[in-house]
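K.L.:
Keeping the supplied structure of chain A fixed, place chain B upon it in accordance with the hints.
These protein sequence lines map, in sequence, to chains A and B. Per our numbering, the first sequence starts with residue 1, numbered consecutively. Per our numbering, the second sequence starts with residue 270, numbered consecutively.
I should point out that these hints are in silico values taken from the structure, not numbers from a laboratory. Since the structure is predicted, the reported quantities are computational estimates derived from the model, not experimental observations. What you were told as hints is all true, and nothing was included just to trick you.
Each computed BS3-like pair below joins lysine-lysine, with the alpha-carbon atoms no more than 30 Å apart: (1) 116(A) <-> 299(B); (2) 82(A) <-> 116(A); (3) 299(B) <-> 82(A).
Below, a sample of chain B positions facing chain A; criterion: calculated Cβ distance under 10 Å: (4) 295; (5) 304; (6) 348; (7) 352; (8) 361; (9) 364; (10) 368; (11) 372; (12) 405.
Think of the CB as a built atom: it goes at the ideal place given N, C-alpha and C, for glycine as much as any other residue.
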Amino acid sequence: MTRPAERHQLTVQDLVEIMQVVMRVGVLMLQSGTVSFRVEQAMQRVALGLGMERLDAYVTLTGITASIHCGHLHYTQIARVKRLGVDMNRLGAVEYLTLHLPTAATPAQLCTLLDKIEQTPPAYPVWMVQLAVAIACGAFAILSGGSGIDGLAACLSAGLGLGLRQRLQQRRLNPIAVTIVCAAVATSICYLIGQGLVLLRLPALLPQASFSAAVLFQVPGMLLVTASLDLVRLDLVSGMARVAYALIQLFSVAIGMLIVMGMTGFSIL
Amino acid sequence: MLSATALLQDALLSFIGTFGFALLYQVPRKALWLCAAIGMGGYVLRSLLHQLGLDLDIATFCGALFVGLVGTIPAQRLQLPLVLFAITGIICMVPGIPAFKVLVYFEHGDILGGLGSAIEAGFAVVALVSGIGAARILTDSEWGFE
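Okay, chain A solo, but in the shape it has when bound (with noise of 0.2 Å):
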């Protein structure tokens, strides 16, 4: 921590380091999910424990403008933020940092500590996220009425849906294009696991929850939590954005659903 004698000798270029660190701290957490007042806040710790006197910073969902003061010099900072994800593993260890600062930090000593942080592998492999998730979704199958064997379809086309959105999402193609078309390959594979039992002459029970449970890995769960708690907060502008976003993608899902229903002529009501 810098004490008030110090400040005088601050320079420019000295806050130009300081809100690099700030600003990455901002955009690797709103990178993993977290509501704006998080941001803001650990924001805010990251550059009262390098010496600022304060900061002002406006988080959105899609970019962040901040701005530090400290005695007679200010700087301002604005970033763009895209690819968001949700990472909790990642959040967790970025809050964590802010909230353990290392006594007197330098930016670059933060700089290091959060290269680390993200270069962190993933916490779990490709493959288990891929195997749980399809139980879970397997699992909603049979909470919303479903039989087991409409849990069985709904978690093969669910596994292999994920999959696809997971190799589309290395490929950053745009996240509206992914979840339709995931939608659409989640759905179609549990039509033909259908078609296959009556084929077999065994029916599902209820081939309705199989095949909306099976694009339930695309509900946009976490946005909607977070888009209310900034909306709590009166954040409108992120809470406003967030919403927008959640209800893209409900619908990109919905979209997805209906192409296949078109085709078919199978409908889940």
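P.N.:
Okay, now just chain B, sitting in the frame of chain A:
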């Protein structure tokens, strides 16, 4: 009417469901089982209250409030963000299927059905988020007061 088998089935399935989404959201290993347990608790509370005759949306609110309140304990102890427990905990109660049905109804020309489905999903979401929001305001003074 209470049905223990239905509750047990709900408990098992919501545990599995929450666990899956916790993995999807990359919840740290030390919190994984707790997340699934909290999700199960919220869902079972909702089912129980609904079975006791409470309106489903009010039961959903209570389930979400439970998730929001209980989640604060491990969040403090494990020093993890609160949002981690809140979001994975309510995922089983998110009305995904009614939301998808809205467009399907409209596409079939059933405007009333679509509106009904949209309102059903909307009420459920509002119940969920007011539960989580209320828990935040009750437990986090930074959230409750400007």
